[in-house]
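Given chain C's structure and the hints, the job is docking chain Y onto it.
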Amino acid sequence: MQAPVIQKIVFNEKAFVERRLSGGKFLVKGGSRVRPFDFVAEVPETPRNQGRQRLTAGVGGEVVKLLPGKAVLLQTAAVIIRGVVGCGEDSEGEVRIVAGGDEAIRLDEVGRDGAGGLLVGGYVPALEVLRKAAAVGVRGIVCGGADFAVMDKTNLPLLITEGFGRIPLNRRIFDFLRGVEGRHVFLSPERRELLVARYREDEEDRRELMEAQSAEVATAFAEIQPGMEVQVLAGDVFGRTGRVEKVVGDQVEVKVDGGGKIIVAGRNLGIIK
Amino acid sequence: MILAIDFGGAVAKVLVVPPEVDKFRVVEVPLGFRTRPHLKTGEALIYVIRSAVGEEKPEAVYASGEIASLELKGLLTKPPQDPVETLKKFGLPLVVVGSEITYFGGRAVRGLDIVAAAEKIAGWLPFEVKISEVQNYFANKEIYPTLVPTTDREMELERAAARVRIEKAIGNRHWALENGYVIASGGAFDKASDWGRVALMLLDALQPTGRLKIYLDHQHLLPALATLAVYEEEKAQEILNQEPFTFLGTTFSVEGEALLQIDLRLSETPELAVPAGELVVFPLDEEQAVPVKLRSSGGEVEFEAGGGPIGLVIDARGRPLELPRGESERIKALKKWEEAVCRHPLFKK
Numbered sequence: 001m002q003a004p005v006i007q008k009i010v011f012n013e014k015a016f017v018e019r020r021l022s023g024g025k026f027l028v029k030g031g032s033r034v035r036p037f038d039f040v041a042e043v044p045e046t047p048r049n050q051g052r053q054r055l056t057a058g059v060g061g062e063v064v065k066l067l068p069g070k071a072v073l074l075q076t077a078a079v080i081i082r083g084v085v086g087c088g089e090d091s092e093g094e095v096r097i098v099a100g101g102d103e104a105i106r107l108d109e110v111g112r113d114g115a116g117g118l119l120v121g122g123y124v125p126a127l128e129v130l131r132k133a134a135a136v137g138v139r140g141i142v143c144g145g146a147d148f149a150v151m152d153k154t155n156l157p158l159l160i161t162e163g164f165g166r167i168p169l170n171r172r173i174f175d176f177l178r179g180v181e182g183r184h185v186f187l188s189p190e191r192r193e194l195l196v197a198r199y200r201e202d203e204e205d206r207r208e209l210m211e212a213q214s215a216e217v218a219t220a221f222a223e224i225q226p227g228m229e230v231q232v233l234a235g236d237v238f239g240r241t242g243r244v245e246k247v248v249g250d251q252v253e254v255k256v257d258g259g260g261k262i263i264v265a266g267r268n269l270g271i272i273k
Numbered sequence: 001m002i003l004a005i006d007f008g009g010a011v012a013k014v015l016v017v018p019p020e021v022d023k024f025r026v027v028e029v030p031l032g033f034r035t036r037p038h039l040k041t042g043e044a045l046i047y048v049i050r051s052a053v054g055e056e057k058p059e060a061v062y063a064s065g066e067i068a069s070l071e072l073k074g075l076l077t078k079p080p081q082d083p084v085e086t087l088k089k090f091g092l093p094l095v096v097v098g099s100e101i102t103y104f105g106g107r108a109v110r111g112l113d114i115v116a117a118a119e120k121i122a123g124w125l126p127f128e129v130k131i132s133e134v135q136n137y138f139a140n141k142e143i144y145p146t147l148v149p150t151t152d153r154e155m156e157l158e159r160a161a162a163r164v165r166i167e168k169a170i171g172n173r174h175w176a177l178e179n180g181y182v183i184a185s186g187g188a189f190d191k192a193s194d195w196g197r198v199a200l201m202l203l204d205a206l207q208p209t210g211r212l213k214i215y216l217d218h219q220h221l222l223p224a225l226a227t228l229a230v231y232e233e234e235k236a237q238e239i240l241n242q243e244p245f246t247f248l249g250t251t252f253s254v255e256g257e258a259l260l261q262i263d264l265r266l267s268e269t270p271e272l273a274v275p276a277g278e279l280v281v282f283p284l285d286e287e288q289a290v291p292v293k294l295r296s297s298g299g300e301v302e303f304e305a306g307g308g309p310i311g312l313v314i315d316a317r318g319r320p321l322e323l324p325r326g327e328s329e330r331i332k333a334l335k336k337w338e339e340a341v342c343r344h345p346l347f348k349k
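In the order they appear, the protein sequences are chains C and Y.
Here our numbering is used: the first residue of the first sequence is 1, the next is one more, and so on.
Here our numbering is used: the first residue of the second sequence is 1, the next is one more, and so on.
It is possible that part of the hints are untrue.
Not the full set, but computed from the structure, chain C residues with beta-carbon under 10 Å of chain Y [as the list claims (entries may be wrong)]:
| # | residue |
| --- | --- |
| 1 | Asp147 |
| 2 | Ala149 |
| 3 | Leu233 |
| 4 | Ala234 |
| 5 | Gly235 |
| 6 | Val248 |
| 7 | Arg267 |
Label pairs and their computed distance ranges (CB to CB) [unchecked claim]:
| # | chain 1 | residue 1 | chain 2 | residue 2 | range |
| --- | --- | --- | --- | --- | --- |
| 8 | Y | His218 | C | Glu253 | 41 to 49 Å |
| 9 | Y | Gly42 | C | Glu13 | 23 to 31 Å |
| 10 | Y | Asp22 | C | Asp175 | 57 to 65 Å |
| 11 | C | Gly258 | Y | Glu234 | 56 to 64 Å |
| 12 | Y | Ile143 | C | Phe16 | 22 to 30 Å |
Only pairs whose alpha carbons sit at most 25 Å apart, straight line, appear in this in silico DSS-like list of lysine-lysine [said to hold, decoys possible]:
| # | chain 1 | residue 1 | chain 2 | residue 2 |
| --- | --- | --- | --- | --- |
| 13 | C | Lys153 | Y | Lys130 |
| 14 | Y | Lys130 | C | Lys132 |
| 15 | Y | Lys213 | Y | Lys336 |
| 16 | C | Lys132 | C | Lys70 |
| 17 | Y | Lys120 | Y | Lys293 |
| 18 | Y | Lys120 | C | Lys153 |
Bear in mind the hints are in silico, worked out from the structure with no lab data behind them.
Since this is a predicted model, take the numbers as computed values, not measurements.
Here a beta-carbon is modelled for each residue, glycine too, at the ideal position from N, C-alpha and C.
One chain only, chain C, in its complex shape (with noise of 0.2 Å):
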């Protein structure tokens, strides 16, 4: 019995980061490195623009391309979470997690000191926990699961990682997220990314990236197996990690984490490693 193989999590050495500004002049050069913290481009002081505008990098990496009053393309090494849903524009802020990967984000748990954020959690209960995250300036949210009607009554950029209902964050997502805490991250929900750029120079940052990868895999497809980490999609533990105890024909017992065994057909696991 054969099964998608997950990838969530992956490491690219070539991630792009577009940092955008209307109008404004350069400060960097095409082919210059940067780190973070740089200024690579400003907007003067104006009448009608009361104070003077300057972009960070946000990334340490090469400048690649500068699109003359729009953005400025760089290129940097990445870890790359991969959701299956994403709605709102283009957003980024430091990684703020506010509840566990399998609880809800609670109401409460969205304050003022969220602002500027983007918060982790579990999954989101229901939309008044978005509503009052735009309200104080929230930059976006990841999660495992909202429910499908929240989709179109946000504006608040969203990543859903595992898919629609009351479903856990993956915990290796979380984990690494929960390891990333403070980290400045790109999140694009049209393209159902959350990119973690690398942040130092040096080596020891890149190690701590390529880590968090996904075992690679060759093909798409693999054969489940006793001892495989996958995850279920199906019933009351949909999103659930567990462990593949044993394959019966099209059927796979698994023992969930968490507590707990199943059995379930095949086609309703994705294997994670």
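The following block gives chain Y in isolation, referenced to the frame of chain C:
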């Protein structure tokens, strides 16, 4: 050996036709790569062919379904076809419910508008449900099209959605079924736990009037057979001539209460009263074809009812079929109808 393949959302059905056509077989290959680029490169097609016939080299490979929009002429003997166009090749009254396309008599409905359909689906569920649960379930199926329902609750969701899809496909063409027959094909039917549920699904969604004979495509043959029919009409006809469908039984839909006389050639002819608003089942063996006399407010009709796993089902629920408005009354009615057609031990698969 010729292969005709229909690519569905979750499964590819491969009709394997050897030189002795009557030895045809259907192989189902579960798909798990739809969201990946393999389909475009043809790798998926090779995977399906190998899964069906191993290293054997087919003389010709034809395909329809999701693959229809792709340029795979190098791998296929002829360009791939739209499955709706292939099904139209048959002049048969077919109901085909797939995860991507629902087809009835020449017209197809593609996909499922989750927002618009959720309330209607919930209306066919014999339990209380939040609309968000219905929406989330079907939205997740769009993300993971290879998923199969695993719980009774999910099976009920699938059957309810099948009713909504069929209703949409039939539109107002109920007349097309009067005193006719229908061939039902698709996972929603043959994964039903008993035959009674198949009949109930069709009666609810098609809302036929008069007599209707029900056949089931238990081998999942139709979509792939339709693909074959486009290119190799004679071979497809040869397979059809072998009557590859299972006859499930006969239904008769009446307005209001009815009195039924079934001539079983016994010393007495049993009479059965069917109250208005009810579904009543009379078991008839597979070999039995019996004359039936039915009196109702619409007059008296006589017809011959062929027996089968579902027997003879009299539907006196009226047309159009209206579900009770109150939540508890609606659930009670749905459970009662299901019990009526599923309770007989003969109907267990």
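Restraint: alanine 149 of chain C near chain Y, CB-CB cut 10 Å. Satisfied or not?
holds, 6 Å
Interface hint outcome for glycine 235 of chain C [beta carbon to chain Y under 10 Å]:
holds, 5 Å
25 Å Cα cutoff - pair lysine 213 of chain Y, lysine 336 of chain Y
holds, 23 Å
Is 41 to 49 Å a correct range for the gap between the Cβ atoms of histidine 218 of chain Y and glutamate 253 of chain C?
violated, 29 Å
With a cut-off of 10 Å on the beta carbons, see whether valine 248 of chain C makes it to chain Y.
violated, 16 Å
Can alanine 234 of chain C be said to touch chain Y, with a Cβ gap under 10 Å?
Hint on alanine 234 of chain C: holds, closest Cβ of chain Y at ~4 Å, below 10 Å.
Hold the hint about aspartate 147 of chain C up to the distance rule: shortest CB distance to chain Y must be less than 10 Å.
holds, 5 Å
Taken at face value, is the distance from the CA of lysine 130 of chain Y to the CA of lysine 153 of chain C at most 25 Å?
Given pair lysine 153 of chain C, lysine 130 of chain Y holds - Cα atoms ~18 Å apart, limit 25 Å.
Indicate whether the distance between the beta carbons of glycine 258 of chain C and glutamate 234 of chain Y respects the range 56 to 64 Å.
Since the Cβ atoms of glycine 258 of chain C and glutamate 234 of chain Y sit about 59 Å apart, the hinted range of 56 to 64 Å holds.
Using Cβ atoms only, decide whether arginine 267 of chain C comes closer than 10 Å to chain Y, and label the hint accordingly.
The hint holds - arginine 267 of chain C has a Cβ within 10 Å of chain Y, the shortest such distance being about 5 Å.
Given the hint of 23 to 31 Å, is the C-beta distance from glycine 42 of chain Y to glutamate 13 of chain C inside that range or not?
holds, 29 Å
Take a quick look at whether lysine 120 of chain Y and lysine 153 of chain C sit within 25 Å of each other, Cα to Cα.
Since the Cα atoms of lysine 120 of chain Y and lysine 153 of chain C sit roughly 22 Å apart, the hinted pair holds (cutoff 25 Å).
Consistency note: the structure conflicts with the earlier hints numbered 6, 8, 16 and 17.
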